[in-house]
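Chain B: place on chain A using the hints.
2 protein chains.
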Amino acid sequence: MSLIVQKYGGTSVANPERINAVADRVKRFVDKGHKVVVVVSAMSGETNKLLQFINDVNKKPDPRESDVVLSTGEQVTIGLTALAIQARGVKAKSYTGAQVKILTDNAHSKARIINIGTENIRKDLDNGYVLVIAGFQGADEQGNITTLGRGGSDTTAVAIAAALGADECQIYTDVNGIYTTDPRVVSNARKLKSITFEEMLEMASLGSKVLQIRSVEFAGKYKVNLRVLSSFEEDGEGTIITYEESHKMEDPIISGIAFNRDEAKVTVESIPDKPGIAYQILGPIAEQNIDVDMIIQNIGHDGLNDFTFTVNKTELDKTIEILEKMKDHLGAKTIIGDSNIAKLSLVGVGMKSHVGVASKMFRTLSEEGINISTISTSEIKISILIEEKSLDAAVQSLHKAFNLDQ
Amino acid sequence: MSLIVQKYGGTSVANPERINAVADRVKRFVDKGHKVVVVVSAMSGETNKLLQFINDVNKKPDPRESDVVLSTGEQVTIGLTALAIQARGVKAKSYTGAQVKILTDNAHSKARIINIGTENIRKDLDNGYVLVIAGFQGADEQGNITTLGRGGSDTTAVAIAAALGADECQIYTDVNGIYTTDPRVVSNARKLKSITFEEMLEMASLGSKVLQIRSVEFAGKYKVNLRVLSSFEEDGEGTIITYEESHKMEDPIISGIAFNRDEAKVTVESIPDKPGIAYQILGPIAEQNIDVDMIIQNIGHDGLNDFTFTVNKTELDKTIEILEKMKDHLGAKTIIGDSNIAKLSLVGVGMKSHVGVASKMFRTLSEEGINISTISTSEIKISILIEEKSLDAAVQSLHKAFNLDQ
Numbered sequence: 000m001s002l003i004v005q006k007y008g009g010t011s012v013a014n015p016e017r018i019n020a021v022a023d024r025v026k027r028f029v030d031k032g033h034k035v036v037v038v039v040s041a042m043s044g045e046t047n048k049l050l051q052f053i054n055d056v057n058k059k060p061d062p063r064e065s066d067v068v069l070s071t072g073e074q075v076t077i078g079l080t081a082l083a084i085q086a087r088g089v090k091a092k093s094y095t096g097a098q099v100k101i102l103t104d105n106a107h108s109k110a111r112i113i114n115i116g117t118e119n120i121r122k123d124l125d126n127g128y129v130l131v132i133a134g135f136q137g138a139d140e141q142g143n144i145t146t147l148g149r150g151g152s153d154t155t156a157v158a159i160a161a162a163l164g165a166d167e168c169q170i171y172t173d174v175n176g177i178y179t180t181d182p183r184v185v186s187n188a189r190k191l192k193s194i195t196f197e198e199m200l201e202m203a204s205l206g207s208k209v210l211q212i213r214s215v216e217f218a219g220k221y222k223v224n225l226r227v228l229s230s231f232e233e234d235g236e237g238t239i240i241t242y243e244e245s246h247k248m249e250d251p252i253i254s255g256i257a258f259n260r261d262e263a264k265v266t267v268e269s270i271p272d273k274p275g276i277a278y279q280i281l282g283p284i285a286e287q288n289i290d291v292d293m294i295i296q297n298i299g300h301d302g303l304n305d306f307t308f309t310v311n312k313t314e315l316d317k318t319i320e321i322l323e324k325m326k327d328h329l330g331a332k333t334i335i336g337d338s339n340i341a342k343l344s345l346v347g348v349g350m351k352s353h354v355g356v357a358s359k360m361f362r363t364l365s366e367e368g369i370n371i372s373t374i375s376t377s378e379i380k381i382s383i384l385i386e387e388k389s390l391d392a393a394v395q396s397l398h399k400a401f402n403l404d405q
Numbered sequence: 000m001s002l003i004v005q006k007y008g009g010t011s012v013a014n015p016e017r018i019n020a021v022a023d024r025v026k027r028f029v030d031k032g033h034k035v036v037v038v039v040s041a042m043s044g045e046t047n048k049l050l051q052f053i054n055d056v057n058k059k060p061d062p063r064e065s066d067v068v069l070s071t072g073e074q075v076t077i078g079l080t081a082l083a084i085q086a087r088g089v090k091a092k093s094y095t096g097a098q099v100k101i102l103t104d105n106a107h108s109k110a111r112i113i114n115i116g117t118e119n120i121r122k123d124l125d126n127g128y129v130l131v132i133a134g135f136q137g138a139d140e141q142g143n144i145t146t147l148g149r150g151g152s153d154t155t156a157v158a159i160a161a162a163l164g165a166d167e168c169q170i171y172t173d174v175n176g177i178y179t180t181d182p183r184v185v186s187n188a189r190k191l192k193s194i195t196f197e198e199m200l201e202m203a204s205l206g207s208k209v210l211q212i213r214s215v216e217f218a219g220k221y222k223v224n225l226r227v228l229s230s231f232e233e234d235g236e237g238t239i240i241t242y243e244e245s246h247k248m249e250d251p252i253i254s255g256i257a258f259n260r261d262e263a264k265v266t267v268e269s270i271p272d273k274p275g276i277a278y279q280i281l282g283p284i285a286e287q288n289i290d291v292d293m294i295i296q297n298i299g300h301d302g303l304n305d306f307t308f309t310v311n312k313t314e315l316d317k318t319i320e321i322l323e324k325m326k327d328h329l330g331a332k333t334i335i336g337d338s339n340i341a342k343l344s345l346v347g348v349g350m351k352s353h354v355g356v357a358s359k360m361f362r363t364l365s366e367e368g369i370n371i372s373t374i375s376t377s378e379i380k381i382s383i384l385i386e387e388k389s390l391d392a393a394v395q396s397l398h399k400a401f402n403l404d405q
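So the protein lines, in turn, are chains A and B. Be aware that the first sequence starts at 0, since it is given in numbering that gives the first Met the number 0, and climbs by one per residue. Be aware that the second sequence starts at 0, since it is given in numbering that gives the first Met the number 0, and climbs by one per residue.
Some hints could be false.
Same chains, same label: a pair holds when it works inside one copy or across any pair of copies.
[What the hints assert, rightly or not] Derived BS3-like pairs: lysine-lysine, alpha-carbon spacing no greater than 30 Å straight-line:
#1 LYS332 / LYS222
#2 LYS317 / LYS90
#3 LYS59 / LYS26
#4 LYS34 / LYS59
#5 LYS31 / LYS58
#6 LYS192 / LYS122
#7 LYS100 / LYS48
#8 LYS26 / LYS58
#9 LYS273 / LYS100
#10 LYS58 / LYS388
#11 LYS100 / LYS122
Bear in mind the hints are in silico, worked out from the structure with no lab data behind them. Keep in mind it's a predicted model, so treat the numbers as computed, not measured.
Just chain A, with the same shape it has in the complex (with noise of 0.2 Å):
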């Protein structure tokens, strides 16, 4: 007997018949003997509907009360979930983030987790309940409902699994596992059957969407053993996030490209090259809330140097707003905004004992003719920023050249 967190998102919840097929499969794995716990989203469509009704009242809406308004979202899928389990003759039972005591932060709409109260919740357990969560959501100590961001639900699972001790967290999507790239712009891009805890973190936080980088930052602290599977396969393996690097001589340099269309880059040319410049440029940053990806600095000249880091494109203008602010302050020069472009990585564990896996990139890329504006590399990871348009064609080259389809 397993003790077992089922994490189902939005289209794998998007309607009653969906919602069936969930307390169908969560049947069969009770029927086995598990004792399982089950975190969905919003049904798909629904936070985009409550999205414009915020808008159509609120242009600038208070993240408090957005939270408010988007956490039902979740409360109307859990409750209907368990009534679907209950309809299966399968005890179940509904919480919401509140009141699971999930405790978090009170950064509304990018709350962190604090805590999980795991009292009400284990009580319920033994007493033979599949629980069923609210992912996504929170409260702070005031009792504020929080949300985690959207696509929190993958978080919620993985910490509730961590504060469980939970044998395996199993996160249902619209995809049966993780591929070595974007099938729809690799066609032959291959599934895998398991990728390390690193490569899978580094292809989070690159772009790939299958999994929310804070869960899979949640899943390697606390060591909670990943799986991504389809929820409309009945009996897919899909892919296991694993902890150790086992990896067999045999095994492939490179486990997957990722890319990212999301990011736009940002330069402050000419700052003056002294201590605490970074610090100057993203305090302010960070202190709005926005989220910096890569962030490059090379060696400086002439007691001048650059800075360039790359933000969602969403908020390049905001960004951009607050820098030029600054900039006399800074002693920069120009500050410029690009948001034609692309990021692309190779993620590979075995990259560590390689050398040549970057050479073979450029040159890869250069028989192409695609130009490479900023190159940043990691122990398991090499990214690079490209033009936009020529993602496709660098993400096909490079999946042939480094034999990902095999």
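Just chain B now, with coordinates in the frame of chain A:
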């Protein structure tokens, strides 16, 4: 400066445009220096949509889980309404029932309010916030979400007004006040400027849908000043519900005619006429949470009696089923259910000091050839059951006979 509680029903918050209109009205009151607490229902149509979802996953839904789903309707509205008010430069903050600490019993879907915590909301009021509170819902001692039953938002509003000692509780609906009877049945029905609490209580209990009966009971118990107004008119005066019988000599004897097509009649025939029989019949009905309205028992003869009561038409089958099981134990001859009936009541405080109201009523109906099956009276009302198909003619003839259009 007054403290005003305003309650807006589903049609008054049916879409973002209507919610914006509510926010405009709230701002007008704030601009006049009033403190305002807003209680809102779900956007009209939402509750039915959610009920359909529930029906799609479970035909006999657990009321705890139904409440989790249904309570989201109001939660969406409080967030949107707070945002709309904020968009007009007025400080506003939303509260779910659980956040206010509207403590209820655990009779899911029909919960009753036990206590209202006012500490948090009073602090926010003192700090200049308009509070937007979810109607229809609360939480029990274990933190389970409960609902007060459909229409319960009125009760929430009155209970909040009582707890805060508000100067007035305004119920905004899609009608502009209380009428002598339903204008759809009698075209020259007249809007009343005021009505006594007792009369309103009778009108509400007798099927006038403008106010929910429990809210009127609450208002009476805690002496809350109630006013019914239209949310579609900017400057309507509505109808005040008063607590003093300040009727002048020329006041009419009858204030209004209420009627109800939703009830069914149940008769337990020929049961032994002994103490405790009424409890033996109604106890098991009440245990199943079936509301009983009229109860009529005439004198018995030959040691036998007939016992008649009314329930909601939707609960007739269940009621008959319960009684059939007990028939032998009760020693009853037959159980008869009849759903082709309607209840009609004349209501008026003036009736107390005037004889002849009943005889005028019965004569009028007799002249119309309408047969009365059952009669029950109180100090300020006379209720009868008649065939449903005769209802319109009965209401019209009585409205005319008692000069209610004057």
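- List, from low to high, the hint numbers that the structure doesn't satisfy. Checked against the structure, the hints that fail are numbers 1, 6, 9 and 10, while the rest are satisfied.
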